[in-house]
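Chemist: Listed here are the chains, written in short residue letters.
4 protein chains.
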Amino acid sequence: MNPAVGDDRRFVLTLGCPDRTGIVARISAFLAELGGWIVEAAYHADEDTGWFFTRQAIRASSVELSAYEIRERFAKVAAELGPETEWSLHDSGEPKRVVLLVSKEGHCLHDLLGRAAGGELPATITAVIGNHRDLEPVARAHGVAFHHVPFPAAGTDDDARVEARTAAFARIREIVDAHDPHAVVLARFMQVLPPELCEHWTGRAINIHHSFLPSFVGARPYHQAFARGVKLIGATCHYVTGELDAGPIIEQDVTRIDHSDTVPDMVRQGRDIEKLVLARGLRWHLEDRVLVHGRKTVVFS
Amino acid sequence: MNPAVGDDRRFVLTLGCPDRTGIVARISAFLAELGGWIVEAAYHADEDTGWFFTRQAIRASSVELSAYEIRERFAKVAAELGPETEWSLHDSGEPKRVVLLVSKEGHCLHDLLGRAAGGELPATITAVIGNHRDLEPVARAHGVAFHHVPFPAAGTDDDARVEARTAAFARIREIVDAHDPHAVVLARFMQVLPPELCEHWTGRAINIHHSFLPSFVGARPYHQAFARGVKLIGATCHYVTGELDAGPIIEQDVTRIDHSDTVPDMVRQGRDIEKLVLARGLRWHLEDRVLVHGRKTVVFS
Amino acid sequence: MNPAVGDDRRFVLTLGCPDRTGIVARISAFLAELGGWIVEAAYHADEDTGWFFTRQAIRASSVELSAYEIRERFAKVAAELGPETEWSLHDSGEPKRVVLLVSKEGHCLHDLLGRAAGGELPATITAVIGNHRDLEPVARAHGVAFHHVPFPAAGTDDDARVEARTAAFARIREIVDAHDPHAVVLARFMQVLPPELCEHWTGRAINIHHSFLPSFVGARPYHQAFARGVKLIGATCHYVTGELDAGPIIEQDVTRIDHSDTVPDMVRQGRDIEKLVLARGLRWHLEDRVLVHGRKTVVFS
Amino acid sequence: MNPAVGDDRRFVLTLGCPDRTGIVARISAFLAELGGWIVEAAYHADEDTGWFFTRQAIRASSVELSAYEIRERFAKVAAELGPETEWSLHDSGEPKRVVLLVSKEGHCLHDLLGRAAGGELPATITAVIGNHRDLEPVARAHGVAFHHVPFPAAGTDDDARVEARTAAFARIREIVDAHDPHAVVLARFMQVLPPELCEHWTGRAINIHHSFLPSFVGARPYHQAFARGVKLIGATCHYVTGELDAGPIIEQDVTRIDHSDTVPDMVRQGRDIEKLVLARGLRWHLEDRVLVHGRKTVVFS
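Those protein sequence lines, which keep their order, are chains B, D, Y and L.
Quick note on full-length UniProt numbering: the first sequence kicks off at 1 and runs consecutively.
Quick note on full-length UniProt numbering: the second sequence kicks off at 1 and runs consecutively.
Quick note on full-length UniProt numbering: the third sequence kicks off at 1 and runs consecutively.
Quick note on full-length UniProt numbering: the fourth sequence kicks off at 1 and runs consecutively.
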């Protein structure tokens with residue numbers, strides 16, 4: 001997608017800090033001084049952690065400064081709000097980039113490429129990396145570079161396998177970092193990221209897990225769901241952390257099944273939920289709507 | 001329910017005015033001057049109508065003024081925002097009252113009385129008025145006064161019938177107004193309010209219609225839905241206006257049906273949606289979360 | 001509710017047996033010989049376990065035999081289908097009975113009593129047993145006997161406490177069994193049934209758990225959900241077995257929450273899901289729509 | 001997709017006839033005689049119209065006859081059930097074909113091509129016809145023939161325009177009929193089929209309308225929804241008939257919106273519902289799960 005232009009261009013401010021009185025007044029006074037026209041404003045005061053969160057979208061055309069200049073000025077305001085304050089200001093006119101990691105299952109890739117083609121994704125998909133070549137044609141058909149990084153076959157973790165795997169992830173890191181992406185999406189990638197990559201891409205690596213977490217962590221969640229006899233199956237979009245399937249949840253949804261649904265039926269119906277949940281989660285991430293705090297997220301959707 | 005006390009007590013400010021820059025700054029500066037601790041804040045700028053809406057909940061214990069005093073001071077701020085500005089400030093420590101109008105179908109009444117008993121409704125149900133006596137026992141069992149106001153049987157509108165009907169509505173108006181309620185709920189009342197009562201209770205009369213409006217306006221919506229062969233049925237909670245089933249919509253929801261569902265099946269399943277939709281809509285109304293603008297609502301849920 | 005009469009009266013046949021060809025032909029030939037008018041018929045062949053399930057509802061007025069006589073004749077057909085065959089034939093004209101176990105939280109009780117009052121439950125609620133007296137008034141207001149069986153306060157399991165608890169469950173068993181109910185519903189009872197009662201009421205004891213199982217087993221599931229930061233909360237209606245919250249699931253549903261919802265918000269919103277899920281599960285159980293097989297259910301809803 | 005082979009191959013029998021006792025017995029006796037292993041069986045007796053419907057899926061490997069031979073034999077059974085009986089027997093091993101009509105909006109096309117690529121659609125997409133060339137590349141990238149049939153620009157219906165339009169539809173008919181498809185899908189085609197094509201493709205032409213019908217018939221339904229202030233938007237998959245947006249409904253679904261959603265937001269979120277509803281409806285149609293009766297459908301999903 002082309003970055004936002006004209007009257008659709010926004011400056012998006014996000015901020016998290018310890019809660020106290022006067023924060024909203026301080027920030028809105030700052031924005032008013034700039035003449036900033038606020039088109040979206042959301043707040044959340046978390047009583048549990050005593051933390052305050054906000055996201056504000058300002059019509060770019062209403063302010064005479066650049067994003068850089070606003071950042072410079074706002075830094076002083078942020079400093080007043082305490083040393084723990086975390087904030088960012090993004091110009092929706094600056095394009096964002098996404099890199100996708102895939103394996104053989106193509107439904108999430110097809111879905112995201114279709115959305116990108118329809119101008120629905122506020123970012124450009126700059127590369128697709130697959131540990132198999134199955135999805136190369138569809139990526140290329142959409143004009144997106146495809147990189148094949150083979151992984152050793154599953155098996156006992158002998159030295160050679162560990163080494164090959166380490167090399168493959170090093171190669172992936174190299175390709176991904178060359179794009180400096182705003183999101184690294186594990187679109188049914190099926191390989192567990194090593195701890196150092198979880199760390200390196202903190203807050204940018206997004207996974208879609210095919211269960212309603214925390215149920216059915218790990219492998220073959222639809223088989224687990226079938227065995228337990230649940231009446232709904234789900235999917236979870238979350239940030240990747242060092243602990244498997246335990247990162248901050250961005251979005252979840254479910255769909256109804258019944259006794260007549262076999263595991264393949266669940267797989268098929270689950271795909272629709274996976275696609276929706278990942279697309280929503282990724283969109284919110286790219287629009288700076290997701291603020292992470294500890295193990296949880298605030299989503300100003 | 002007892003009105004909110006202690007740290008749960010809130011001052012709730014709602015405001016709508018023509019949009020321009022600086023409104024949020026003006027309001028939040030005002031609240032900051034009072035030392036007001038904002039626990040909830042929501043904004044909406046409607047690009048279509050150029051209108052700005054906000055709702056702010058302030059911890060009452062953080063402010064040393066009474067609701068009356070805050071209102072006095074805020075009036076000046078509101079005046080600065082232009083003559084069209086509409087606003088209110090409610091003290092959640094001041095109890096609210098609800099009057100219910102019912103007929104023979106009891107599911108919404110049972111539901112609301114159960115919620116009131118569980119402390120879930122931020123108001124007291126002070127009276128139930130029925131055009132039949134069927135629901136008198138359950139109202140009384142919950143300690144709520146029941147008033148029986150019989151209506152003439154359906155039939156040709158001869159003078160006697162019109163007169164009896166007019167007298168019945170006059171009696172209802174009298175009973176309702178004696179309670180000065182914050183909401184008059186048509187909980188499956190099945191009688192169409194005359195225009196003067198729609199006018200008199202503007203913004204306070206709430207109806208639950210058993211279809212997903214604007215489909216199936218008027219009588220027997222489940223029969224209409226059955227005839228059309230829809231795959232979902234719904235319910236709509238809306239403010240009552242002079243035009244039948246056309247008032248501003250507060251909340252809607254649907255439930256799935258299929259070819260095996262008869263009209264009685266729809267009636268039964270529809271009840272669950274009616275109860276939920278009415279309970280949510282009424283709760284939001286009582287918590288000052290619903291701002292009406294023209295034919296539409298802003299719901300800060 | 002009055003039992004079904006006239007043309008609404010049904011004979012409901014349910015059957016489970018090892019799958020093979022010709023079962024449907026055998027059963028439908030039997031019903032055709034009786035002149036039975038089938039108004040509902042559902043089948044399920046489970047490829048995983050090789051088991052066949054069916055439920056058939058026959059208009060009672062179309063058959064000249066009594067339920068007793070049909071049972072006698074059908075026993076021969078069932079025998080042909082193999083020694084593992086399990087079946088039942090229920091006459092919807094024979095009234096069913098339900099006993100409810102409650103504690104202090106009243107929402108499920110209010111809901112079920114309201115449904116019973118509206119003729120929506122295909123059974124009579126014959127008794128409510130509470131370990132507290134809080135819900136006695138509402139039960140009595142609906143004309144339902146209330147039995148108070150106090151439990152020892154939570155604490156260390158010394159001998160006296162264990163003994164008091166054992167005595168309380170013995171008393172509950174006595175009261176329940178005196179009603180010979182078709183369902184014993186733990187309507188937010190908050191006490192774990194001892195193994196011998198799980199065994200004694202196998203297939204009749206129904207619990208509502210306030211999470212989307214298998215997530216958040218055990219105590220305080222909403223607190224667990226809050227801590228994990230899930231985006232949907234749910235409820236599960238299941239048969240009680242000796243393993244806590246692990247019995248065959250009858251029905252589940254979820255509702256959306258977000259970062260602004262506190263634990264009390266979840267508790268309030270969760271109630272609506274608990275009520276719906278329990279009411280649906282109980283209704284299906286009472287209409288012989290639920291067939292249990294191992295840890296799972298077939299629900300012909 | 002390759003047609004079903006081996007143990008996944010099914011004979012699917014669908015039948016509708018006036019209801020009376022013994023139909024199930026007659027059909028299941030017929031299938032038992034063939035040694036047919038029934039893997040799915042569904043029935044519906046419509047009390048409103050006195051009509052009986054069934055769908056049965058038989059494991060092809062369990063029967064020694066061809067679909068042709070079964071049809072020949074079953075014709076006698078069908079004749080016994082009366083002259084109004086309508087039935088079909090499909091062999092899932094015989095491939096099905098789909099032709100898609102599109103305009104500029106690509107989301108439904110992307111979605112269906114992605115599903116076909118994943119082997120999820122029980123048919124082959126044999127051609128895409130567009131009145132614009134925008135979607136030609138994606139069709140070709142999936143190896144599907146694209147036919148461009150331009151239409152006259154919108155405007156006053158002078159003779160030349162009418163003639164050009166008639167010619168365009170004649171060309172479309174020619175292309176479509178050359179493929180003899182089991183479904184002609186209007187995947188956001190935006191042109192109203194002329195009556196003779198509605199007639200010609202009766203029971204095969206499937207449309208996706210971007211509203212929850214019967215609300216918001218005709219043009220710009222999201223604009224209509226925005227103006228009315230509804231809280232949910234939806235989509236409807238239905239058979240095309242001569243009356244605009246009034247054909248038998250196959251599937252519908254909705255998604256929640258709120259006051260902050262503009263028309264473009266609705267368009268974006270609505271796409272996800274359109275894709276899901278069309279994919280489900282088309283799949284059910286292709287699997288012979290949809291039986292049309294008058295203005296309504298029976299869907300054995």
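Be aware that one or more of the hints could be misleading.
Intra- or inter-copy, both count: the list cannot distinguish identical chains.
Unchecked claim - With a straight-line cut-off of 16 angstroms between C-alpha atoms, the simulated EDC-like cross-links for lysine to aspartate or glutamate are:
1) K104 / E163
2) K104 / E136
3) K76 / E33
Note that these hints are calculated values from the structure, not bench results.
If you're wondering where the values come from, they're calculated on a predicted model, not measured in any experiment.
Chemist: Evaluate each hint against the coordinates.
Modeler: Taking the hints in turn, this is what the structure says about them:
1. When the C-alpha separation of K104 and E163 is checked against a cutoff of 16 angstroms, the pair qualifies neither within a copy, at 23 angstroms, nor between copies, at 49 angstroms.
2. Within a single copy, K104 and E136 get their C-alpha atoms as close as 10 angstroms, which meets the 16 angstroms cut-off; across copies the closest is 26 angstroms, which misses it.
3. Taking identical chains as interchangeable, the C-alpha atoms of K76 and E33 lie at most 16 angstroms apart only when both belong to the same chain, with a minimum of 14 angstroms there against 21 angstroms between chains.
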